[in-house]
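Novice: Just so we're aligned, residue 1 is where the sequence shown starts under UniProt numbering, counting upward by one.
Among the hints, erroneous ones may be present.
Subject to a maximum C-alpha distance of 30 Å in a straight line, what follows is the list of computed DSSO-like cross-link-like pairs (lysine-lysine) [unchecked claim]:
(1) Lys-27 - Lys-5
(2) Lys-103 - Lys-47
(3) Lys-47 - Lys-27
(4) Lys-5 - Lys-103
(5) Lys-2 - Lys-103
(6) Lys-27 - Lys-2
(7) Lys-47 - Lys-142
(8) Lys-103 - Lys-27
(9) Lys-47 - Lys-5
Pairwise CB distance ranges, derived in the manner of DEER restraints [what the hints assert, rightly or not]:
(10) Met-140 - Glu-237: 31 to 37 Å
(11) Ser-283 - Phe-248: 21 to 27 Å
(12) Ile-264 - Leu-20: 22 to 28 Å
(13) Ala-235 - Glu-262: 21 to 27 Å
(14) Glu-130 - Asp-12: 29 to 35 Å
(15) Gln-151 - Glu-237: 27 to 33 Å
No lab work stands behind these hints, which were simulated from the structure alone.
All C-beta atoms in this analysis are idealised placements derived from N, C-alpha and C, irrespective of residue type, glycine included.
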Amino acid sequence: MKIPKRLQPLVDDGLIDEVLYQLMSGKEATVFVVKSQGEIRCAKVYKEAMKRSFKKAAQYQEGRKVKNSRRARAMEKGSNFGRKQLEDAWQNAEVDALFTLSKAGVRVPQPYGCYDGVLLMELVTNETGEVAPRLNDVSMSKEQALEDHAQVMLYVMLMLCAGIVHGDLSEFNVLVDDYGPVIIDLPQAVNAAANNNAFKMLQRDVRNMTDYYAEFAPELNNTHYAEEMWALFEAGELTPDSILTGHFEFDDSVANVDTVLEEIKAAFAEEEERLARIRAAESGE
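Using the sequences and the accompanying hints, generate a full structural model.
Specialist: Quick look at the structure:
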């Protein structure tokens, strides 16, 4: 196929041998299947901020550290240089998260580097070489759903142990190969200890995954892994060896009505976003 403009510099530098075809285009990026260093890989081309439809990006960037003080000041002021630094930080967050999570034992695509807004990484395939499907395209037995849900909860726990919350985890951001689930799409990953929204994002991540697997194993609806993990995390007791049960004792004291109403509104908004993702996936956007 014709080489996309954003990939041409990588072809010129010998990082990409050949662009084979476009795999998908989403709200954050367009992904191409390429030949690189003699292997079939994928190239994720991030969309520019003005063209990217990811909502509430500021919530995800809270708590991200910038070592260079000049860059940090520029990012706060919103200058052209600062906006460029924000874009670089957004893209590098995924690379950093992929390396960190792979080391932590989470199944993620292997990254090979990010160059001018293009992330080169492993193409997840099955044993026949076909691109692994997204979870939302996969049906399964009750037993398989229970097994895979437990595996994803383990991955979410290992992420939290590494100080990371995915922030946008759903059946659309998980691939399924012959060995099980693979977590993808991490540019919005947040610092669990430094982001005030981390717990709510963790709850949403777990709820999204549980809702999907519960379509095949309804008993999962009665589990509360996010609250269990977070309680251990806050107490400094969460480790990669922690045994999760999905059970959690909630505080039965009188609830704050305003807080409950805010949570209800947030739940409605999250459901609207989930339905929007489903519509976008079905329309191929």
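Novice: Tell me the hint numbers this structure goes against, listed in increasing order.
Specialist: 4, 5, 7, 11, 12 and 15
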